[in-house]
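Participant: Here are the chains, one letter per residue:
2 protein chains.
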Amino acid sequence: IDDKNEQKAKEYLKDLHPADIAELYQALNLDEAEFIYRLLDSEKAADVLMELDEDDRKKLLKRLPNEMIAKQFIDHLDTDDAVDLIRELDEEAQEEILSHIDDVEQAGDIVDLLKYDEDTAGGLMGTEMVVVNENWSMPECLKEMRIQAEDMDEIYYVYVVDDDERLKGVFPLKKMITNPSVSKIKHVMKKDPVSVKTDTPIEEVAQAFEKYDLVAVPVIDSIGRLVGRITVDDVMDEVREQAEREYQLASGLSQDVESTDTIFTQTSARLPWLLIGMFGGLANSVILGNFEAGFVSNPAMALFIPLIGGTGGNVGIQSSAIVVQGLANGSFSLRNSGKQILKELGVALINACMISALVFVYNWIRMGNNGVTISVSLSLFSVVIFASIFGTIVPMTLERFKIDPAIATGPFITITNDIIGMLIYMSISSTLA
Amino acid sequence: IDDKNEQKAKEYLKDLHPADIAELYQALNLDEAEFIYRLLDSEKAADVLMELDEDDRKKLLKRLPNEMIAKQFIDHLDTDDAVDLIRELDEEAQEEILSHIDDVEQAGDIVDLLKYDEDTAGGLMGTEMVVVNENWSMPECLKEMRIQAEDMDEIYYVYVVDDDERLKGVFPLKKMITNPSVSKIKHVMKKDPVSVKTDTPIEEVAQAFEKYDLVAVPVIDSIGRLVGRITVDDVMDEVREQAEREYQLASGLSQDVESTDTIFTQTSARLPWLLIGMFGGLANSVILGNFEAGFVSNPAMALFIPLIGGTGGNVGIQSSAIVVQGLANGSFSLRNSGKQILKELGVALINACMISALVFVYNWIRMGNNGVTISVSLSLFSVVIFASIFGTIVPMTLERFKIDPAIATGPFITITNDIIGMLIYMSISSTLA
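Top line first, the protein sequences correspond to chains A and P. So the mapping is simple: the working numbering equals the position in the first sequence, first residue as 1, plus 1159. So the mapping is simple: the working numbering equals the position in the second sequence, first residue as 1, plus 1159.
If you're looking for bench data, these hints aren't it; they were derived computationally from the structure. Incorrect hints may appear among the rest.
A pair counts as met if it fits within one copy or between any two copies, since identical chains are not told apart.
In silico lysine-lysine, DSS-like type, Cα no more than 25 Å apart, as pairs [stated by the list, open to error]:
#, residue 1, residue 2
1, 1561, 1334
2, 1502, 1169
3, 1217, 1274
4, 1302, 1561
5, 1230, 1167
6, 1350, 1218
7, 1230, 1217
8, 1167, 1350
9, 1274, 1169
10, 1327, 1498
11, 1333, 1349
12, 1173, 1343
13, 1274, 1356
14, 1356, 1561
15, 1349, 1334
16, 1218, 1302
17, 1334, 1167
18, 1561, 1218
19, 1349, 1561
20, 1203, 1334
21, 1218, 1230
22, 1302, 1349
23, 1274, 1203
24, 1333, 1561
Every value quoted in this text rests on a predicted model; they were computed, and no experiment measured them.
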């Protein structure tokens, strides 16, 4: 590649998968990358484009004229990928590109798909699929399929509709080969297939795929008409991203950052959370400031500040993580929230008793049975109970108000529990003192 | 179901997907569940069994004789599911069940599969697939396929091997329908298909599925012979579980717990981490105890303990989460570790300057330019730098020693940073005092 031997490079690229070319592309500088890009045929170039990172794709698209984007890429992409690509551009570019698409039917499909919310089945689906009528015979279907499937990548199911385009069944491709028959398709298809609606949230689509072990699912509109299909690769990305997002939020990262991002990008995702933590820490210093005299008369009080703050934070994170994950993978529903809070209270009581008893024994041996020994254990007990319930209720409440509960699991809950912990500790200490 | 109307219940169950029956089953008591279970035919019963939670499945299997497990379930399961099921039983039961399997070929496959490590492609694969020879013609392949595919659930690819059973190519099912031809299969198949080896770790298998948008991947042995296939549904479970595990470890949950687990199970997953946190807190109290006199002469020192401990914890979690996630999704490799540490140092410097400067200004206004103001900001600066580098290096080191780096992201790193933070703060304060 370095010596720009076109013939050799072309040969080499021909055998590579688009995902590998995308990786290669990202390792090169922009000049070399453009050289390679010109060697690819349009279809492969379009596939490589979709495999690039969003940032790199944007950079490349900015250098290209809109007409070329429409003719070179959009024409060769599945509608769902085309919609993803167009969504990444600004409105002006969107309109110009749409006007340059040669295939009017595809342009129409894309315009329709752009109307759906990105976070619903409608926003994830594509329109490339093989559709047959329930009253056709198997040979008719085969003939129709050969026409429809000509320029589709891969097909796993044939969808069966009635005369009003309502989804009636599916037909696994395998059966076409193993059980060829002359009967009407409606007698051999699988009836009542699993399907999702255009407004089904993406999380529920992913849950359906996992529950029913699907590789593709048909999407229907509000009156049951077949309007598209979602394939498993799009859903798998979704499952990964969703789980990663939860983890990132829990770790105090406010955007999707990777180790490969620049220092500036990383800082902008991390510093805000650290500043929130800083304000929490300063708030704590104000609270503790009210008890400054107590530290003079009883300096041992200060020694247990990290223990109480840390325990509250650890307990709160555990409780909220269980709720957030349960809501995400569908194992927990808000209908059981009363039961869940009670159960959490049970767990909290055991944890609180164990921890406060152990610390009491330790402090009793170390310092004897004085005010600090008692107030530390009493505070620990209260903090564990409070942090457990608080960590359970906050994500539930956010979910109820349709706010992503994952934002509750990160520094936010640690800091709140830290502050409440200090308030409890200082109140109990000063009451007992 | 309540009034045990067999006919009606049977009718109702017939139309339900195994995953839905499994859900229904888990909502019922054991008597009702057994009643339903007896109404299902063996194949459906086997599918329902695999959809149950591991705990419920174990409970049910314990009540059944081993011979019945072999004949009723194993015979109707795909080899990969059968292996999963058998792995859950103790050794004695395993041998008895294997001896009861009627189909000797299936029993042999299961014994072979049990030899592979659970966490590799070999442990995840099944042997149900359609295999054809590269020298056959298309009509011969179709005929062979009809025989092989008879009792397989779903097929997406036909795998092509040479006379020595080495994998040569794949053939999408779709092409059989759209391009029927009489030429030899080796001239129309897709050559050099993406494949994995039996000893490829599960994480890499999942990465291959995501990168190449696969629905199934062939598995080859060390000399390239085709030995099995892995389907996307098994991999999707893997992706979800892996991401959930990271999140759980980061949240201080030592096992896979769900909101539906009992109080006892939840406590046993949570209390150990809280106890580790408790020991950390007590260790901190010992460190702070050495400076007890300092709190008498300068009580303001105590006010900033939560700020410094909390900041160290927050920074450390961020740094380690970025490394852990990068290692898991393949975007980060140990080869770049030097570069990564330098980049982290850059981020840390910006964060440290911002936070210590802001806190300095705040404290200067609040208390004037005294020893505490200076030592708090100096400590914050050192703690941010230390926690960033420590949080980056620990997961890298664990990965190098083949220990799961995710265990570093939870309470462990928070507690360590908390303790180091106190040591730094106390040393700086006492030096300046």
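Participant: At most 25 Å between alpha carbons: which applies to residue 1333 and residue 1561, within, between, both or neither?
Facilitator: Cα proximity of residue 1333 and residue 1561: none, with 42 Å in one copy and 42 Å across.
Participant: Given a CA cutoff of 25 Å, do residue 1333 and residue 1349 count as a within-copy pair, a between-copy pair, both, or neither?
Facilitator: both (13 Å within a copy, 19 Å between copies)
Participant: Can you give me the call for residue 1274 and residue 1203, within, between, both or neither, at a CA distance of at most 25 Å?
Facilitator: Classified as neither; 28 Å inside a copy, 41 Å across copies.
Participant: Cα distance capped at 25 Å. Does residue 1356 pair with residue 1561 within a copy, between copies, both, or neither?
Facilitator: Close inside one copy (20 Å), not across copies (44 Å); limit 25 Å.
Participant: How would you label the pair residue 1302, residue 1349 (within, between, both, or neither) given a Cα cut-off of 25 Å?
Facilitator: both (20 Å within a copy, 24 Å between copies)
Participant: Given identical chains, is residue 1561 near residue 1218, meaning Cα to Cα at most 25 Å, within a copy, between copies, both, or neither?
Facilitator: Result: close neither inside a copy nor across copies, 34 Å intra and 38 Å inter.
Participant: Measure nothing new, just compare the shortest in-copy and cross-copy C-alpha distances for residue 1502 and residue 1169 to 25 Å and report within, between, both or neither.
Facilitator: neither (63 Å within a copy, 36 Å between copies)
Participant: From the Cα coordinates, with 25 Å as the cut-off, is the pair residue 1217 and residue 1274 best called within, between, both, or neither?
Facilitator: This pair counts as within: shortest intra-copy Cα distance 22 Å, inter-copy 48 Å.
Participant: I want to check one pair: residue 1349 and residue 1561. Are their C-alpha atoms no more than 25 Å apart within a copy, between two copies, both, or neither?
Facilitator: Neither: 36 Å inside a copy, 47 Å across copies.
Participant: For the identical chains here, do residue 1302 and residue 1561 meet the 25 Å Cα criterion within one copy, between copies, both, or neither?
Facilitator: neither (48 Å within a copy, 55 Å between copies)
Participant: From the Cα coordinates, with 25 Å as the cut-off, is the pair residue 1218 and residue 1302 best called within, between, both, or neither?
Facilitator: This pair counts as neither: shortest intra-copy Cα distance 44 Å, inter-copy 51 Å.
Participant: I want to check one pair: residue 1561 and residue 1334. Are their C-alpha atoms no more than 25 Å apart within a copy, between two copies, both, or neither?
Facilitator: Neither way: residue 1561 and residue 1334 sit 43 Å apart in one copy and 45 Å across, limit 25 Å.
This entry does not satisfy hints 1, 2, 4, 5, 6, 9, 10, 16, 17, 18, 19, 23, 24, going by the numbered hints stated previously.
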